[in-house]
Amino acid sequence: DARVTQTPRHKVTEMGQEVTMRCQPILGHNTVFWYRQTMMQGLELLAYFRNRAPLDDSGMPKDRFSAEMPDATLATLKIQPSEPRDSAVYFCASGSLEAGFYGYTFGSGTRLTVV
Amino acid sequence: AQKITQTQPGMFVQEKEAVTLDCTYDTSDPSYGLFWYKQPSSGEMIFLIYQGSYDQQNATEGRYSLNFQKARKSANLVISASQLGDSAMYFCAMRENSNYQLIWGAGTKLIIKP
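Note that the protein sequences, when read in sequence, are chains A and B.
Okay, so the first sequence: first residue is 1 according to my numbering, each after it adds one.
Okay, so the second sequence: first residue is 1 according to my numbering, each after it adds one.
Please note: incorrect hints may appear among the correct ones.
[Said to hold, decoys possible] Under the rule of at most 30 Å between Cα atoms (straight-line distance), these lysine-lysine pairs were calculated in the BS3-like manner: (1) A:LYS11 / B:LYS109; (2) B:LYS73 / B:LYS16; (3) A:LYS62 / A:LYS11; (4) B:LYS3 / A:LYS62; (5) B:LYS109 / B:LYS73; (6) B:LYS3 / B:LYS73.
[What the hints assert, rightly or not] Derived CB-CB ranges, DEER-like: (7) B:GLN83 / A:ASP57: 15 to 25 Å; (8) A:THR7 / B:PRO40: 15 to 25 Å; (9) B:GLY85 / A:ALA2: 19 to 29 Å; (10) A:SER66 / B:LYS16: 41 to 51 Å.
For the record, the hints were derived by calculation from the structure and aren't laboratory data.
Cβ coordinates follow ideal geometry from the N, Cα and C atoms, glycine included.
Chain A on its own, in the form it takes in the complex:
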């Protein structure tokens, strides 16, 4: 089965440190999303890309978060500097409407803990 690969699976870091999360979307998928999930807020859309172009990053705190797709096989989400309130599970998802696949496939997530 094709899958979305996220690394790392778990990350514990100290406040103020830079955190980089990576996502390899399914080959051929041209739409990539970054979500954050917490108990309090549920699933929040941070940013998404279509054909590597950022379409919406209004859900991201711009002063500390950045999302990029340097190529079609890699999406990154960076937090600099990290804060304890950033502790959450971060999901990447990919999909392709043109391929006739209407569901977005999620990666296993990165569980981030900022202490």
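Start from chain A and add chain B according to the hints.
Frame of chain A; chain B shown alone:
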């Protein structure tokens, strides 16, 4: 206004019984898609089923079916013959065709009792 409403925060169901998880939605876009995802305690998000707004028939995938009532704007998930492994959070989501992103409900925590 909430675009996706899941009114059942939690449900307990006896094993082997059928389960219906409620989802209502709100959109003025004539073209949209409705999704259900399962999130077990391990944390991954698993795509279950999709229904397009123009689909004439209700979607089915194995034990999952989507009871789509367009006039009532409801898209309930039906799980037949529930199993212990069905215990999880279930999320309903919508994608309006004018937008690529998914709009999510708050989820329903389903617990299957042996």
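Quick rundown of the hints versus the structure:
Taking the CA atoms of LYS11 (chain A) and LYS109 (chain B), the gap is near 27 Å; set against the 30 Å cutoff, the hint holds. Between LYS73 (chain B) and LYS16 (chain B), the direct Cα distance comes to roughly 28 Å. Compliance with the 30 Å bound is thereby established for this hinted pair. For the proposed pair LYS62 (chain A) and LYS11 (chain A), the alpha carbon gap of about 21 Å is at most 30 Å, so the pair holds. Taken as a hint, the LYS3 (chain B) and LYS62 (chain A) pair is honoured in the structure, with Cα atoms around 26 Å apart against an allowance of 30 Å.
The hinted pair formed by LYS109 (chain B) and LYS73 (chain B) meets the criterion: a straight-line CA distance of about 22 Å does not exceed 30 Å. As the CA atoms of LYS3 (chain B) and LYS73 (chain B) are separated by approximately 10 Å, the hinted pair is consistent with the 30 Å bound. Between GLN83 (chain B) and ASP57 (chain A) the Cβ separation comes to about 40 Å, which falls outside the hinted range of 15 to 25 Å. For THR7 (chain A) and PRO40 (chain B), the Cβ-Cβ distance of about 21 Å falls inside the hinted range of 15 to 25 Å, so the restraint holds.
The beta-carbon spacing between GLY85 (chain B) and ALA2 (chain A), approximately 23 Å, falls within the hinted interval of 19 to 29 Å. For SER66 (chain A) and LYS16 (chain B), the hinted distance range of 41 to 51 Å is satisfied, since their beta carbons lie about 49 Å from each other.
The structure shown violates just one earlier hint, number 7.
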